[in-house]
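K.L.:
Here the protein sequences line up with chains A and B, keeping their order.
All letters in the first sequence, in the order written, are residues 1 to 119 by UniProt numbering.
All letters in the second sequence, in the order written, are residues 1 to 211 by UniProt numbering.
Hints should not be assumed to be uniformly reliable.
Here are the computed distance ranges between Cβ atoms for each label pair [what the hints assert, rightly or not]:
{"hint": "1", "chain 1": "A", "residue 1": "ILE59", "chain 2": "B", "residue 2": "LYS31", "range": "42 to 48 angstroms"}
{"hint": "2", "chain 1": "A", "residue 1": "ARG108", "chain 2": "B", "residue 2": "GLU19", "range": "21 to 27 angstroms"}
{"hint": "3", "chain 1": "A", "residue 1": "GLU116", "chain 2": "B", "residue 2": "LYS40", "range": "43 to 49 angstroms"}
No lab work stands behind these hints: they were computed from the structure.
Each residue gets a CB set at the ideal place from its N, CA and C atoms; glycine is no exception.
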Amino acid sequence: MKERPKTLPPTLRDKHRYIAFQIIGERTFKKDEIKKAIWEASLRVLGELGAARAKPWFIKFDEKTQTGIVRCDRKYVEEIRFALAMLTEINGSKVIIRTLGVSGTIKRLRMKFLKEFGW
Amino acid sequence: MKFIEMDVRDEKAYELAKEWYDDVVFTKKLKLEESPDYGKLKEEIKELRKRYGKVAVLVITNKPSLIRELKKRNLRVLIYVQGGNMRVNRFALETGVDALISPEFGRKDNGFDHVLAKIAAKNDVAIGFSLSPLLKADPYERASILKFMMKNWQLVEKYRVPRFITSSAESMWEVRAPRDLMSLGIALGMEISQAKASTSFYPEKIVKVRC
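If we strip away everything but chain A, and leave its shape as in the complex, we get (with noise of 0.2 angstroms):
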């Protein structure tokens, strides 16, 4: 028997948006907290089960100028946005986090939107 259960064809497999994101705070944050507060924040506004049908996960986080992405389900790109802006503090410092823009790839996604930050 294989490890792994075998890479599903296209139309079956989950189809996800990349949302890059902003971070303006009061100081620069680490990634760890960034990723934990992603996940609270989905959490807390969406539910459980909101939280499992959007799908969050955290992708990645430039510490230098403090952008990221995060994926999440295609249907539910706005319900993650929304769960973002009611972000006001991480481990108490304020905080706004600003989406820059969505894209159904990382690649087109980090020269679409986050070029201007160095990526």
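Based on the hints, put chain B in the right spot on chain A.
P.N.:
Just chain B now, kept in the frame of chain A:
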């Protein structure tokens, strides 16, 4: 198409919002118990207009008659009324001020009904959906505020009341980018195009006609 932020109440917030929006309206909070000193108020507004360009006055009061008084004075600013008191809500819509900001504010019901919606549509008074009460609330209050806002949106849509979404930021940290504000509208049940219209088309119309 221009994105316009209708209600920012702090200087730093104004500067940040100016980066993200094409146009920002600065709001002066006016807590009224009795008639204000109009000469002084006029001076103050004049100064604010010089500094920020577009200025609005947010009236927070429990006395409906003060709204009419302010409206009659012709201060050449947008007049917003903070919702929350049922009598004030109704009176604001009847006098035809420029906007009623969050009629459900601080209430245990939605503060808005089909009768008021009809009056609002007739007198062309906009309803403002604001984000800042949501950010300050705990999860329980958040859920109930969202519930009321959804109901208000239903009424606003049905009776075609002018509407806008705003952050009502009282500090720099409550400002959100236009696309993020749109997601609040979508969470309330708007279509994407309607949410876009309530951050650009309706505010533009109000600013053009009244300011």
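K.L.:
Hint by hint, say whether it matches the structure.
P.N.:
Hints, one by one, checked against the model:
no.	hint	in the structure
1	ILE59/A x LYS31/B: 42 to 48 angstroms	holds, 46 angstroms
2	ARG108/A x GLU19/B: 21 to 27 angstroms	holds, 25 angstroms
3	GLU116/A x LYS40/B: 43 to 49 angstroms	holds, 46 angstroms
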